[in-house]
Amino acid sequence: MMSDQEIRRRVAQIMAEEFELEPESLQPDATLYEDLGLDSLDAVDMVVAMEKAFGMKMADEEAVRAVRTLGDLFDLVCRLKNQQVDKE
Amino acid sequence: MGRGETVSLKRVVITGRGAVSPFGLGVADLLDGVWNGRSGIQLMPDWQSIQGLQCHMAGPVPPFEAKPLLPRTIRRTMGPMAIYATLAAKEAVSDSGLEPDFLASGKVGAEIGSTTGSPRIYEALYRQFLPEESVEHVRSGMFFKIMGHCCAANVCLALGITGEQWAPTSACTSSAQALGLGYMLIRSGRQEAMLCGGADEVHPTVTMVFDVIKAASRSHDFPLIAPRPFDLNRDGVVCGEGGGILVLESLDSALRREANIYCEILGFGHVNDSKSIANPHEDSMARTMRNALAEAGLNGDDIDYVNAHATGTVLGDIAEAVAINNIFGKDVPVSSYKGHLGHTLGAAGALETIVLLEMLNRQEVVPTLNLERPDPACSVINLVHSVDKLPLNIVLKNSFALGGVNTAMVLRRWTE
Numbered sequence: 006m007m008s009d010q011e012i013r014r015r016v017a018q019i020m021a022e023e024f025e026l027e028p029e030s031l032q033p034d035a036t037l038y039e040d041l042g043l044d045s046l047d048a049v050d051m052v053v054a055m056e057k058a059f060g061m062k063m064a065d066e067e068a069v070r071a072v073r074t075l076g077d078l079f080d081l082v083c084r085l086k087n088q089q090v091d092k093e
Numbered sequence: 379m380g381r382g383e384t385v386s387l388k389r390v391v392i393t394g395r396g397a398v399s400p401f402g403l404g405v406a407d408l409l410d411g412v413w414n415g416r417s418g419i420q421l422m423p424d425w426q427s428i429q430g431l432q433c434h435m436a437g438p439v440p441p442f443e444a445k446p447l448l449p450r451t452i453r454r455t456m457g458p459m460a461i462y463a464t465l466a467a468k469e470a471v472s473d474s475g476l477e478p479d480f481l482a483s484g485k486v487g488a489e490i491g492s493t494t495g496s497p498r499i500y501e502a503l504y505r506q507f508l509p510e511e512s513v514e515h516v517r518s519g520m521f522f523k524i525m526g527h528c529c530a531a532n533v534c535l536a537l538g539i540t541g542e543q544w545a546p547t548s549a550c551t552s553s554a555q556a557l558g559l560g561y562m563l564i565r566s567g568r569q570e571a572m573l574c575g576g577a578d579e580v581h582p583t584v585t586m587v588f589d590v591i592k593a594a595s596r597s598h599d600f601p602l603i604a605p606r607p608f609d610l611n612r613d614g615v616v617c618g619e620g621g622g623i624l625v626l627e628s629l630d631s632a633l634r635r636e637a638n639i640y641c642e643i644l645g646f647g648h649v650n651d652s653k654s655i656a657n658p659h660e661d662s663m664a665r666t667m668r669n670a671l672a673e674a675g676l677n678g679d680d681i682d683y684v685n686a687h688a689t690g691t692v693l694g695d696i697a698e699a700v701a702i703n704n705i706f707g708k709d710v711p712v713s714s715y716k717g718h719l720g721h722t723l724g725a726a727g728a729l730e731t732i733v734l735l736e737m738l739n740r741q742e743v744v745p746t747l748n749l750e751r752p753d754p755a756c757s758v759i760n761l762v763h764s765v766d767k768l769p770l771n772i773v774l775k776n777s778f779a780l781g782g783v784n785t786a787m788v789l790r791r792w793t794e
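Keeping their order, the protein sequence lines are chains A and B.
Its first residue numbered 6, the first sequence is counted upward by one per residue in this note's numbering.
Its first residue numbered 379, the second sequence is counted upward by one per residue in this note's numbering.
Bound conformation, chain B alone (with noise of 0.2 Å):
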């Protein structure tokens, strides 16, 4: 492509899906964990003892042996959550039929992103290291496991990629923002197709973000019905962990390839907040999602199903529920996965694009979790109560995180 040429853009689809949740490895335990309703979230007795920290919940991957599943020269530089992301990359490449000699074409890339390296690794590094201030029996691996883009690297060198890589940090919006550029690379034609998503750990230093600024939940209550998006007595964020993938196409790559498509990504918002760098503000919500909105040619009307980023906290679903109400008035149907995962942080945004793409294919709403009393000040949407079936065509989900960042996409069914 030389200077001055005019480019016609792609068309984006989503061909693939991976995941590791609370509910275990693969996408199917996390489908079956969310349309059964159940919980993800489960207390951390060992948190209690942490002076300070005051919320003792999380949404853990259940326990699982990585040495079957990864060789040692590819999982020795992985801490867990480039485990998460590598297990999750490898079933999204796999349902979207990608064979090794495409992903070593050039034409793929990969963008993962996390909050940070693993902390786990970082805990054991700095117990390591501060007591006699020593690195004396550091690891060669160590550093790949907490540099930034440690799910990208790994998972590229795991799965043969040489296209771009890349590895948004942008917390809560990691893999929002990966799936938001994955989509731009491909539109642009730098790229045929990316592997885009996020991946996160339970940590208490991770959940201790929120607990400081009074935003992670505090019900201990037995059953645990934390976190609650959009109810009266929700109390803040309970964080989850793992890994969501999906496999970014163009069209013209996945109707040759003659590959399953899920759905169409048909715009992005992203703007910042530069109010406050921890205070949602829903002009900024709005914003972002009227943006997506625009890239697609699409109005408020045209959308049958929003999946708020709603994690529980008192001001950030309420900022969310008006700035929803602002753009899609009060019929639209509105839940959150977060009562059902935590905040799973970077993988969030993929892992939750992942159970959207489910409803799209169901053609059946999911409701938020925990939610029993509304809270009359985020009734102002349309909250989803029950599994319902429903015409949805057209979705968006929003993905917002500390730091100013919002996020919008919008995808459309594939049905062509």
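Just chain A, with the same shape it has in the complex (with noise of 0.2 Å):
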């Protein structure tokens, strides 16, 4: 089982990859939008990426909506990536 921080750095690794960002621009304060230059579309892509990482759907799209910030999304990972284990 990875831990939450395993998570956090996996996360950043893959925003890294997938949106080619510097890794000094990852800041748990870092909004998406206008800190780290992604728009809707790349949005998509992001949750297609977690998803396939982890294992997991982000289904909740309410839930994926409200993520405004690199921390938001490190923390929706962990939540649904630990109810997952519950579940298990």
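Hints in this document: simulated from the structure, not taken from any laboratory.
Ideal Cβ placement from N, Cα and C applies to all residues, glycine included.
A few of these clues could be false.
[Unchecked claim] Just a few of them, taken from the derived set where beta-carbon distance is under 10 Å, the chain A residues facing chain B:
| no. | residue |
| --- | --- |
| 1 | L46 |
| 2 | D47 |
| 3 | A48 |
[Unchecked claim] Have a look at the derived ranges for each label pair, beta carbon to beta carbon:
| no. | chain 1 | residue 1 | chain 2 | residue 2 | range |
| --- | --- | --- | --- | --- | --- |
| 4 | A | S45 | B | D599 | 47 to 55 Å |
| 5 | B | N650 | A | E66 | 44 to 52 Å |
| 6 | A | R84 | B | R450 | 27 to 35 Å |
| 7 | B | T540 | A | Y38 | 20 to 28 Å |
| 8 | B | P423 | A | E66 | 43 to 51 Å |
[As the list claims (entries may be wrong)] Just a sample of chain A residues kept apart from chain B, beta carbon distances all over 12 Å, derived:
| no. | residue |
| --- | --- |
| 9 | M7 |
| 10 | Q10 |
| 11 | P28 |
| 12 | T36 |
| 13 | E39 |
| 14 | S45 |
| 15 | V72 |
| 16 | F79 |
Join the two chains into one complex using the hints; note that each chain is given alone, in its own frame.
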């Protein structure tokens, strides 16, 4: 089982690879749209990349839409991943 | 412009060139390859394991890294063909000296075609979709890479073009049609300039199109001497890939900008052949050449050189030679660039026009590569055999496609 720390590290790594971002820009308070320069198409790909990497579904569109910063994304992925473990 | 008003037709010139070809990135590499008599064709070893495919040759663009050349936000919706078209478009815009504010004025459009959307991306999509009928991990950029107007749309986005966007998808005449329609749009005054051309990709399912109708070469000899347009031993097409873009512009606009002018477009012929969807026919080829000449107000005698479509197929080359003979007789020099480049399909009309403009510039004709023993049936025309100095003023370029499309364009060297 991955620790939250490991999940965060992996999320940051995926974001850097997927969107060709500099690792130092990947701070928890960085906003996805303004600071990291993502847009609505990227948001779709971000979800696909996370689902694929962590083997889970991010089906709650409301929760995904609420993600504004990288920190929000860390939290959401950690929450979903931990829920997945609880179910198992 | 109100109803009933008469419109004076604009003169149309070409002011920019951009290319991605089997010889590499840029017009300079394309011209270097052609003038040095090199072939862009190579064996495709991976294709030998594809059951039923008998042509294992192609003319791919040499590998390059697109990442440093195009930002991710532009590149994410591009398959290889849109990347080729965009790099060629950037070069053409730079060559022509078109400024960003002119591109964004609404007076400049883009017309860039291809046979289909990216076949490599189609393959990736269906490899993912078919095993479990799942679209679960499809990325947002997928559709923009496989749509029919993937090249035109991505070029407009990359260069901030806000005028008309068109995308002919007529296989081997895609870019020839783009040039023809761009010429008509500027001539009629709808646009002041157009980025016109096309792009296509090497892929086994593309070569398959010609292979199944026994029109693809199987000459896997070493060194490769295929395709061989007009040669007695020709045995079919070898597909190539790339992107070619030309900047078409009203003469008024080009003069106002003091742009370098390569040539003036004098006429465009475009006819359908309703006799067969696949087989070439000399009457339709001749009709399109006659139409181009008529629009230019010229006779066959006025033409100094014909750049043939000639792909190296048994039937097509004879039909074209007969059609050219019917109009121009036996004296006008003729050659095809397919021996150098292979058939670059949707890019062919534009890439070959770029080479043709250089012939006008250098006042030199280039021979057909791999033409060693002319087929007597093709020897009813004056086939060029060496790079020769020749006064070239007005030339005609043919482009034909499966599906019955026949086009011809008349170009005059700019000397004013």
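Here is how each hint holds up against the structure:
Proximity of L46 (chain A) to chain B holds as hinted, the smallest CB-CB distance being about 4 Å (cut-off 10 Å). Against a cut-off of 10 Å between C-beta atoms, the interface hint on D47 (chain A) holds, since the closest Cβ of chain B lies about 8 Å away. The interface hint given for A48 (chain A) holds, since its Cβ lies 8 Å from the closest Cβ of chain B, which is under the 10 Å cut-off. A hinted range of 47 to 55 Å for the beta carbons of S45 (chain A) and D599 (chain B) is consistent with their spacing of about 53 Å.
About 49 Å separates the C-beta atoms of N650 (chain B) and E66 (chain A), a value consistent with the hinted range of 44 to 52 Å. Between R84 (chain A) and R450 (chain B) the Cβ separation comes to about 29 Å, which falls inside the hinted range of 27 to 35 Å. For T540 (chain B) and Y38 (chain A), the hinted distance range of 20 to 28 Å is satisfied, since their beta carbons lie about 24 Å from each other. A C-beta distance of roughly 47 Å is found between P423 (chain B) and E66 (chain A), which places it inside the suggested range of 43 to 51 Å.
No Cβ of chain B approaches the Cβ of M7 (chain A) within 12 Å, the least distance being about 21 Å, so the stated non-interface status holds. No beta-carbon of chain B comes within 12 Å of the beta-carbon of Q10 (chain A); the shortest separation is about 27 Å. With a closest Cβ-Cβ approach of about 16 Å to chain B, P28 (chain A) is found to remain outside the 12 Å limit, as its non-interface label requires. Remark: the non-interface label on T36 (chain A) is consistent with the geometry, its nearest Cβ contact in chain B lying 17 Å away (cut-off 12 Å).
For E39 (chain A), the condition that its CB be more than 12 Å from all CB atoms of chain B holds, with the nearest at approximately 14 Å. S45 (chain A), annotated as away from the interface, has a beta carbon of chain B within 12 Å; the closest lies near 8 Å. Here V72 (chain A) stays apart from chain B, with its beta-carbon at least about 16 Å from theirs, past the 12 Å limit. Chain B leaves F79 (chain A) outside its interface by the beta-carbon criterion, the shortest separation being 22 Å against a cut-off of 12 Å.
Checked against the numbered hints given earlier, the structure breaks only hint 14 and satisfies all the rest.
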